[in-house]
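Undergrad: So the chains spell out like this:
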Amino acid sequence: MSDGIGIWRCRACGIGYFPERLLCSRCHTHDFVADRVTEGVVEEITVIRHVLGQTDWQPRRLANVRTVNGPRITVGLRDESGPGTVIALFQEGTAPFGAAKSAS
Amino acid sequence: MSMNAAIIGVGQSAYMRRPQSGQSTHTFLRDAVVAALQDAEVDASDIQGMAVTSFSIAPDTAIDLAWRLGLSLRWLLQDTNGGSSAMNMLGHALRGVETGAASPILVVAGDATGLGGYAKIAANYNIATREHLAPLGHGGPNGVYSLVTTRQMNKYGLTKSDYGHIAIAQRAWAAKNPFAVYRTPLTMEEYLAAPMVADPLTRYDCVPVVAGAQALIIAHPDRCPRGRAPVRVRAIRNSFNYDNQEGDGLQTGISTFADELWQAADARPAEIDVASIYDDYPAMVLAQLNDLGMIPDHDLAAYARREIGERRVPINTWGGMMSAGQPGGPAGGLNGISEAVLQLQHRAGERQVKGARRAVTTGYGMTLYRYGGTAAAAIMERME
Chain A
1 MSDGIGIWRC RACGIGYFPE RLLCSRCHTH DFVADRVTEG VVEEITVIRH VLGQTDWQPR
61 RLANVRTVNG PRITVGLRDE SGPGTVIALF QEGTAPFGAA KSAS
Chain B
105 MSMNAAIIGV GQSAYMRRPQ SGQSTHTFLR DAVVAALQDA EVDASDIQGM AVTSFSIAPD
165 TAIDLAWRLG LSLRWLLQDT NGGSSAMNML GHALRGVETG AASPILVVAG DATGLGGYAK
225 IAANYNIATR EHLAPLGHGG PNGVYSLVTT RQMNKYGLTK SDYGHIAIAQ RAWAAKNPFA
285 VYRTPLTMEE YLAAPMVADP LTRYDCVPVV AGAQALIIAH PDRCPRGRAP VRVRAIRNSF
345 NYDNQEGDGL QTGISTFADE LWQAADARPA EIDVASIYDD YPAMVLAQLN DLGMIPDHDL
405 AAYARREIGE RRVPINTWGG MMSAGQPGGP AGGLNGISEA VLQLQHRAGE RQVKGARRAV
465 TTGYGMTLYR YGGTAAAAIM ERME
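Residue numbers (the working numbering), protein chains in the order written: chain A, 1 to 104; chain B, 105 to 488.
FYI, nobody ran anything at the bench for these hints, they're computed from the structure. For clarity, every value in this text was computed on a predicted model and none was experimentally measured. In this text, a Cβ means the ideal position worked out from N, Cα and C, and glycines have one as well. Some clues are possibly wrong.
Said to hold, decoys possible - Cβ-Cβ distance ranges computed for the label pairs, FRET-style:
no.	chain 1	residue 1	chain 2	residue 2	range
1	A	Q54	B	R410	35 to 45 Å
2	A	R26	B	E375	33 to 43 Å
3	A	E20	B	D403	54 to 64 Å
One chain only, chain A, in its complex shape (with noise of 0.2 Å):
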């Protein structure tokens, strides 16, 4: 697990994006520079409590995050953090998580 969810930022404009962009939708250019977001507020949750094919599936939730000076991210959800809170994430792998500051 590493602290934030690494982002690429466009070094020309500033632009953060997630999932990794060719070109800039903005200026278009293909300049990048790896940058992470530590944070974000939870916009709107789900419960994913079926899936096709699966037996034994445990309910996952997930967000909609909106990140400060990033883009909106779909992450995992580890605690009961709802819409409006403040939490922290982090990245498994190439998976983004997130959970309540104060529980991270």
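Guided by the hints, dock chain B onto chain A, whose structure is given.
TA: Just chain B now, kept in the frame of chain A:
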């Protein structure tokens, strides 16, 4: 407007929840092709062009399908745009006939993934999904559109029962469609009591995956079978990656061309007799109708309760994918076009909308990350 190209025939395979032994994507595609050729009264040896789309035809491609169908062609297309593939292929085929590149052109779409195959496709839909969503256990598009639906509910003041009106109205239409996999009438009580799949989406908000295929024949209107009105397309527009996934997903790419579409068709929303709106989720039906300018004052809740709930507007008269089934997004989109053709040719049987003359059809799909990246719409008309 296409003056020298029209849809002259349609056909479909059986739809079923689970393909039987010996059935495959290819056999469903074949069944739809045979049905469309018969319906259009066209010999297979006369077909000069073919467009195909399928999530499950690999490793074969369009040329393999041409070979296995015994079609020697001079125009060939394979489309990869999911829920708007059908609309995209329709546009290309119309232009192909109009410009003399080929005629007749066969347009076909279908899938027979089975539930396990569908789950694999959903988890590997694109690199972004494979890397950043599937490891979360996002449940395929249900997870993505559950978040979109919550946003739409918050923005427009929609309640769960508002979406129920769409599912219930479409089920009532499906009862009159012998190809639909779910035909038993649905009540609001049953809708609201259905098991939750991905909050707030319940079972009846999620399209049932089926095996099946659809096909159309495009040709000069003169080739239409005697006694049947050809269907022409007054205008068609597409949108791809309209906002780089930087919005909220509550508008679709249709919002970028709707005014131009109506103007090019010389038509108004009030003149539409029947609508086929791509219904992967109820929220996206409302979003597309709103983008088309068909919802007065952008009051989605009132429209759902009154226009749809009270059956004032014929939308998805074959039952939509939510009741008829989704044989992959590509064939699901083609089903909406086929139904519009049947309605405009006054061949829709029990579900015929009296005097139907103009229809709007849409496509939507290819969930890039947070919502769909492709959209399309067409205004279709019965040629008298």
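Undergrad: Of all the hints numbered above, which does this structure not satisfy? Sort the numbers upward.
TA: Violated hint: only 3; rest satisfied.
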